[in-house]
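Undergrad: Listed here are the chains, written in short residue letters.
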Amino acid sequence: MGADLRIAGLHVGYGRIGVVTDVDLHVDPGEMVALIGSNGAGKSTLLKAVAGLLKPSAGTIALGERDITGMPPEKIVRQGLALVPEGRMLFGPLTVDENLAIGAHTRPARDEGVASDRARVQALFPVLAERHTQPAETLSGGEQQMLAVGRALMCRPQVLVLDEPSLGLAPRVIAAIFEVLDTLRAEGMSILLVEQDARLALKHADRGYVMRSGEIALEGPAHELANDEQVRHAYLGGRPETRE
Amino acid sequence: MSSVKRIRLFITPYLGLIAAALAVAAVPLVTPDRYVLKVLVYVGVNVIVIAGLALLFGHAGQISMGHAAFVGIGAYTSAYLVKTLDAPWLVGVLAATVLAAAGGLVLALPALRLRGHYLAMATLGFSEIMYVVFREARAITGGNDGLGGIPYPEVAGLKIDTPVGVYLLVWGVALLTLLLVLNILRSRPGRAMRALQATENGALACGIDTVGLKIRTFALSAALAGLAGALYAHGVGFISPSTFGLDQSVIYMAIVVVGGAGSLAGPTLAAVVLTLLPYADALVPGLSKDTIAVMQDWEADIYGLAMIAVVIFAPAGIGGLLKRIRLRGAGEVRS
Numbered sequence: 001m002g003a004d005l006r007i008a009g010l011h012v013g014y015g016r017i018g019v020v021t022d023v024d025l026h027v028d029p030g031e032m033v034a035l036i037g038s039n040g041a042g043k044s045t046l047l048k049a050v051a052g053l054l055k056p057s058a059g060t061i062a063l064g065e066r067d068i069t070g071m072p073p074e075k076i077v078r079q080g081l082a083l084v085p086e087g088r089m090l091f092g093p094l095t096v097d098e099n100l101a102i103g104a105h106t107r108p109a110r111d112e113g114v115a116s117d118r119a120r121v122q123a124l125f126p127v128l129a130e131r132h133t134q135p136a137e138t139l140s141g142g143e144q145q146m147l148a149v150g151r152a153l154m155c156r157p158q159v160l161v162l163d164e165p166s167l168g169l170a171p172r173v174i175a176a177i178f179e180v181l182d183t184l185r186a187e188g189m190s191i192l193l194v195e196q197d198a199r200l201a202l203k204h205a206d207r208g209y210v211m212r213s214g215e216i217a218l219e220g221p222a223h224e225l226a227n228d229e230q231v232r233h234a235y236l237g238g239r240p241e242t243r244e
Numbered sequence: 001m002s003s004v005k006r007i008r009l010f011i012t013p014y015l016g017l018i019a020a021a022l023a024v025a026a027v028p029l030v031t032p033d034r035y036v037l038k039v040l041v042y043v044g045v046n047v048i049v050i051a052g053l054a055l056l057f058g059h060a061g062q063i064s065m066g067h068a069a070f071v072g073i074g075a076y077t078s079a080y081l082v083k084t085l086d087a088p089w090l091v092g093v094l095a096a097t098v099l100a101a102a103g104g105l106v107l108a109l110p111a112l113r114l115r116g117h118y119l120a121m122a123t124l125g126f127s128e129i130m131y132v133v134f135r136e137a138r139a140i141t142g143g144n145d146g147l148g149g150i151p152y153p154e155v156a157g158l159k160i161d162t163p164v165g166v167y168l169l170v171w172g173v174a175l176l177t178l179l180l181v182l183n184i185l186r187s188r189p190g191r192a193m194r195a196l197q198a199t200e201n202g203a204l205a206c207g208i209d210t211v212g213l214k215i216r217t218f219a220l221s222a223a224l225a226g227l228a229g230a231l232y233a234h235g236v237g238f239i240s241p242s243t244f245g246l247d248q249s250v251i252y253m254a255i256v257v258v259g260g261a262g263s264l265a266g267p268t269l270a271a272v273v274l275t276l277l278p279y280a281d282a283l284v285p286g287l288s289k290d291t292i293a294v295m296q297d298w299e300a301d302i303y304g305l306a307m308i309a310v311v312i313f314a315p316a317g318i319g320g321l322l323k324r325i326r327l328r329g330a331g332e333v334r335s
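Chains as they are written, first to last, in our numbering: chain A, 1 to 244; chain B, 1 to 335.
Quick caveat, the hints were computed from the structure, so don't treat them as lab data.
Ideal Cβ placement from N, Cα and C applies to all residues, glycine included.
A portion of the hints provided could be inaccurate.
[Stated by the list, open to error] Some chain B residues well away from chain A (every beta-carbon gap over 12 Å; in silico):
{"#": "1", "residue": "L105"}
{"#": "2", "residue": "Y118"}
{"#": "3", "residue": "G125"}
{"#": "4", "residue": "D161"}
{"#": "5", "residue": "L196"}
{"#": "6", "residue": "T199"}
{"#": "7", "residue": "G207"}
{"#": "8", "residue": "T210"}
{"#": "9", "residue": "S240"}
{"#": "10", "residue": "G286"}
{"#": "11", "residue": "Q296"}
{"#": "12", "residue": "G304"}
[Said to hold, decoys possible] Output of the computed footprint for chain B on chain A, the stretches with three or more beta carbons under 8 Å from beta carbons of chain B:
{"#": "13", "stretch": "61 to 67"}
{"#": "14", "stretch": "84 to 93"}
{"#": "15", "stretch": "100 to 111"}
{"#": "16", "stretch": "148 to 156"}
All chains should be built: construct the whole structure from the sequences, respecting the hints.
TA: Encoded structure:
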């Protein structure tokens, strides 16, 4: 089940240059939270700090009861936070099945739940069962994104963090992936979603944060943000939001 | 891929290992020639070094320009302990292996915490430093004149002092080393190494301790080089610094590249063929002395040309060609 992720007073930077300044953000158990903002607003830097790829210069990150600030990435995965990285970062020459197996790397070799989790991932993304012996690099972009999400699920995360999952994909594939994210959230998983496509993100999320120049500029329930004059103008192309 | 085909692909490397063991056992029956066996001892030593380097470079993607130095550390450690200090042979070999591994750790700990080519640079420097140490620490190494009269291997009171005995000992260890590396490759650490080589960030995202994996792999491959060095010292009986220089480290890397990154059979075959090349007279009777002299003079150039040819015509090396043949045998060809 999902745990909560709490970020407080976080500062992250490269060398002396601060990229993320004084960010407070939280994801409650079973909640999907969208983090939106333009290119260079600091979204990816924030995620890197959450996943342990960058060390914050100040502030705290807590996962459930545990403080994970400054932990190395492999320990953070063990605490129950999985990242679907931007650009997917699949193991290209390895097969689909091997990619999923490596996703379960942090679990004991004889963990019998791994097989059932793989079956579960294959049920969510049937194409991963069809192509299970194919090298990951031979999959289409959409299939690769599905594999990246599936691989992250193999460590049984309590919090799933996705960096730009819709980037470069066809609308039909995006719909399929977000349908799975909705399912996971409905089952109680906590999800933090970073998206450039603000409209898409706010349509699926419960709450949202808008990041600008390394700071949180706005936050609130997703539907309120989607209708916010400022957000609409800056991130939704200025057109009035129509909700289906 | 059907499960039958997959099982075939799975057991093929073990069948190869068994075939290699049979070939190794057959050689002394075919030819008891001293010179041939001595050359083959040298080949076996290189197979051990290359097995470790194939793991490090071919699978974990880390470059070492200093493996000859680890071979040297192993050779001098065991030679000094056994010859000068009268230690039992097994103790000498064990100390050689441990000391080389420790040297590898000391080098890898700082270099591998940083990403990039720091390890290549560090090992390059290490190789040069150790070369100076081998030459100048005369009390232990005998300096440029070398260290001779190193005792034959002796296990549990049994002295292995015949050419056939030494040959079988070295190749026994070489086959066990190949088995060890093969098993590592087929288990979780091996899979993690392939993941690391494909994308380090992806490996991190899956919770793989990439720094720890690289450091452990480096230490293991340095240990195998040290073990090979000890076997070489006692098998040949004489060592000198020129055997453990930078050029030899480069040759080791060239063998792995020609053999093919990501393969074990390829680099092993390359180690056998390329080590034999300068000593072709041991295998091909009637080859003129001049031909051999030319081949030995041009050894480095032949390796260089082989490397260029591989990079241009078969980037996956001998291992890539073997895999294509195997997949074709299993009824599956991937372009």
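Undergrad: Can we confirm that no CB of chain A comes within 12 Å of the CB of B:T199?
TA: At about 5 Å from chain A, B:T199 fails to clear the 12 Å cut-off, so the statement is violated.
Undergrad: With a C-beta cutoff of 8 Å, work out whether three or more residues of the stretch 84 to 93 of chain A approach chain B closely enough for the coverage to hold.
TA: holds (count 8)
Undergrad: Over 12 Å from every CB of chain A: does B:T210 meet that, or does the non-interface label fail?
TA: It is violated; B:T210 is separated from chain A by about 8 Å at its closest Cβ, not greater than 12 Å.
Undergrad: The output says B:Y118 does not contact chain A. Does that hold with a beta carbon cutoff of 12 Å?
TA: Holds, because the least Cβ-Cβ distance between B:Y118 and chain A comes to about 19 Å, which exceeds 12 Å.
Undergrad: With 12 Å as the threshold, tell me whether B:Q296 passes as away from chain A on beta-carbon distances.
TA: For B:Q296, whose nearest Cβ neighbour in chain A is about 38 Å away, the distance exceeds 12 Å, so it holds.
Undergrad: Between the stretch 148 to 156 of chain A and chain B, are there enough contacts, at least three residues with CB-CB distance under 8 Å, for the coverage claim to hold?
TA: This one holds; 3 residues, not fewer than the three required, reach chain B with a Cβ under 8 Å.
Undergrad: The output says B:G286 does not contact chain A. Does that hold with a beta carbon cutoff of 12 Å?
TA: The claim holds: B:G286 sits with its nearest Cβ about 46 Å from chain A, beyond 12 Å.
Undergrad: Would you say B:G207 is clear of chain A, with no C-beta pair closer than or equal to 12 Å?
TA: It is violated; B:G207 is separated from chain A by about 3 Å at its closest Cβ, not greater than 12 Å.
Undergrad: Does the claim that B:D161 lies outside the interface with chain A hold up, using a Cβ gap greater than 12 Å?
TA: 45 Å, holds
Undergrad: Are three or more residues of the stretch 100 to 111 of chain A within 8 Å, CB to CB, of chain B?
TA: holds (count 6)
Undergrad: Is it the case that B:S240 keeps its Cβ farther than 12 Å from each residue Cβ in chain A?
TA: Label holds. Min Cβ-Cβ 42 Å, cutoff 12 Å.
Undergrad: Does the claim that B:L196 lies off the interface hold, with its Cβ farther than 12 Å from every Cβ of chain A?
TA: 9 Å, violated
The structure fails hints 5, 6, 7, 8, 13 (numbered hints given earlier, in ascending order).
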